[in-house]
Amino acid sequence: CLEHLQVQLVDERSKRARLERENNMLQEQVNMLMNMIQETEQMEDEGQEVGDQGQEEP
Numbered sequence: 001c002l003e004h005l006q007v008q009l010v011d012e013r014s015k016r017a018r019l020e021r022e023n024n025m026l027q028e029q030v031n032m033l034m035n036m037i038q039e040t041e042q043m044e045d046e047g048q049e050v051g052d053q054g055q056e057e058p
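Numbering (the numbering used here), first residue to last: 1 to 58.
Since the hints were made in silico from the structure, they are not lab data. Ideal placement from N, C-alpha and C gives every residue a C-beta, glycine not left out. Treat the hints with care, as some may be off.
Distance ranges between label pairs, derived from CB positions [to be verified]:
1) 40 - 2: 53 to 59 Å
2) 6 - 42: 52 to 58 Å
3) 47 - 13: 32 to 38 Å
4) 14 - 34: 27 to 33 Å
Please model the entire structure based on the sequences and the hints provided.
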């Protein structure tokens with residue numbers, strides 16, 4: 001019975017470690033996508049500013 005519990009404990013620990021690795025990987029992907037979104041928004045904002053200035057001149 002004790003051996004069975006020890007095996008279960010090792011199994012649960014390995015599952016937890018795997019899930020934590022997956023979670024970290026997903027978190028990194030989310031951060032990367034958020035950065036891409038922010039960079040795109042900044043580029044769009046800069047593009048609009050240039051466009052606005054161009055419209056004001058004529």
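Hint-by-hint comparison with the structure:
1. Distance hint check for residue 40 and residue 2: the Cβ-Cβ separation is about 57 Å, which falls inside the suggested range of 53 to 59 Å.
2. The given range of 52 to 58 Å is respected by residue 6 and residue 42, whose C-beta atoms sit roughly 54 Å from each other.
3. For the hinted restraint 32 to 38 Å between residue 47 and residue 13, the CB-CB distance of approximately 51 Å leaves it violated.
4. At about 31 Å, the CB distance of residue 14 to residue 34 agrees with the hint of 27 to 33 Å.
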